[in-house]
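2 protein chains.
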Amino acid sequence: MKEIKRIIAVSSGKGGVGKSLVSSTLALALAKRGYKVGLFDLDFTSPSTHLILGISGVQPKEDKGIVPPEVHGLKYMSITYYSGDLAAPLRGADVSNALLELLSVTLWGRLDFLVLDMPPGIGDVTLDLIRLLPTAEFLIVTTSSELAFETVKKLAGLLVELKVPFLGVVENMKMDKSREIRLKTEKLGLRFLTGIPYDPRIESALGSGNNLLRTKLGREIGLLASEI
Amino acid sequence: MKEIKRIIAVSSGKGGVGKSLVSSTLALALAKRGYKVGLFDLDFTSPSTHLILGISGVQPKEDKGIVPPEVHGLKYMSITYYSGDLAAPLRGADVSNALLELLSVTLWGRLDFLVLDMPPGIGDVTLDLIRLLPTAEFLIVTTSSELAFETVKKLAGLLVELKVPFLGVVENMKMDKSREIRLKTEKLGLRFLTGIPYDPRIESALGSGNNLLRTKLGREIGLLASEI
Numbered sequence: 001m002k003e004i005k006r007i008i009a010v011s012s013g014k015g016g017v018g019k020s021l022v023s024s025t026l027a028l029a030l031a032k033r034g035y036k037v038g039l040f041d042l043d044f045t046s047p048s049t050h051l052i053l054g055i056s057g058v059q060p061k062e063d064k065g066i067v068p069p070e071v072h073g074l075k076y077m078s079i080t081y082y083s084g085d086l087a088a089p090l091r092g093a094d095v096s097n098a099l100l101e102l103l104s105v106t107l108w109g110r111l112d113f114l115v116l117d118m119p120p121g122i123g124d125v126t127l128d129l130i131r132l133l134p135t136a137e138f139l140i141v142t143t144s145s146e147l148a149f150e151t152v153k154k155l156a157g158l159l160v161e162l163k164v165p166f167l168g169v170v171e172n173m174k175m176d177k178s179r180e181i182r183l184k185t186e187k188l189g190l191r192f193l194t195g196i197p198y199d200p201r202i203e204s205a206l207g208s209g210n211n212l213l214r215t216k217l218g219r220e221i222g223l224l225a226s227e228i
Numbered sequence: 001m002k003e004i005k006r007i008i009a010v011s012s013g014k015g016g017v018g019k020s021l022v023s024s025t026l027a028l029a030l031a032k033r034g035y036k037v038g039l040f041d042l043d044f045t046s047p048s049t050h051l052i053l054g055i056s057g058v059q060p061k062e063d064k065g066i067v068p069p070e071v072h073g074l075k076y077m078s079i080t081y082y083s084g085d086l087a088a089p090l091r092g093a094d095v096s097n098a099l100l101e102l103l104s105v106t107l108w109g110r111l112d113f114l115v116l117d118m119p120p121g122i123g124d125v126t127l128d129l130i131r132l133l134p135t136a137e138f139l140i141v142t143t144s145s146e147l148a149f150e151t152v153k154k155l156a157g158l159l160v161e162l163k164v165p166f167l168g169v170v171e172n173m174k175m176d177k178s179r180e181i182r183l184k185t186e187k188l189g190l191r192f193l194t195g196i197p198y199d200p201r202i203e204s205a206l207g208s209g210n211n212l213l214r215t216k217l218g219r220e221i222g223l224l225a226s227e228i
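Top to bottom, those sequences are chains A and B.
Residue numbering for the first sequence follows the working numbering, starting at 1 and increasing by one per position.
Residue numbering for the second sequence follows the working numbering, starting at 1 and increasing by one per position.
Keep in mind the hints are simulated off the structure, nothing from the lab.
Check the hints yourself; a few may be wrong.
Note that the list lumps identical chains together, so a pair holds whenever it fits in one copy or between two copies.
[Claimed, not checked] DSSO-like, lysine-lysine: derived pairs with alpha carbons at most 27 angstroms apart:
hint, residue 1, residue 2
1, Lys36, Lys5
2, Lys2, Lys174
3, Lys177, Lys216
4, Lys216, Lys153
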């Protein structure tokens, strides 16, 4: 892990806010800009980056550790390589141990960015990651809904309390131009990164990295990738 | 728990699909129809039924057990009574033990329905609940997105394998009249309960049970409450 310059943990207070879309697209956009990028899907609650990026038919190799396959210019790892498409009813502590072991035995090589798709909320994996990788910078995704932002407050509160590096908040699926979430974020003393308009074309872009980069989300995340 | 006729566990493969909206509105709609109803928010990952129903300023009483307050004609319990609005970074097993203890010491009295707002996905709480309350009937909420439905397959697969009673699937936030999710659900051999159109008025109805019952979601769930 010492050859990795920056680790970006894409997280959310609750699920369904587009966290995996943001993490996948951010990794793609950084790779398009010439950076060496890894993407690791740690969201055992609903791993979906492989569906988002249309990754199938590739496997990591084992050679004194696990060598992640290169797909779309990224080094890619996911819990699904080990759980398959089966339900994985593991107990919390088992999941966390398994994921963190996978993280530590993966041979990423030299990377400019490792993007982690975290499980939503504040669970075992998040707590262990903070402890093991204290330089990981958190990016929190929310929607415009009060229900999602309430959970951002909790997660951000914990991260600030634990002095975890905090990159900022992304507001996804905006239905209007309201500045409410931006203002609320700044009121918490946190950086607001960008607001992404809802784009019905996302669903049909699933499975194609290039199509994703052409959606409104792709364009906003592309701008973000130039700034972080 | 023996005085409870039916337990309905409202679950989802992933978060953000409207599970808590469905569970809260279902409990309200059943109560409106004259049933004795309890609602228990077990979703420690992002408890939100109190925000959805606008419940504040009431507390359970302790009297040889925990007596849930009555709000909007429901007996209401939530993990937030014990975690408050603070982040609760508990380990998986601790959360599950705490919630199940809370469930077992709560004095619901005689109920026609106890509606459980489950954490999303297949975690410790879900596994323990299946073991402890084998008669609980699962209702799974999804959106129209492939990403959400993929996770329904996994959860439903596990429930069927464990021979858990299965009420059916609710498709939420439909943006069009597509029958795709209905057909996919039926292809899995599962019952499709209803499709709920996306309604932008939901956000402003949050906090008011009566306003929620007047949204498209409220009307569809009202019909469902008459049928189950």
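Violations among the numbered hints, reported as their numbers in ascending order = 2
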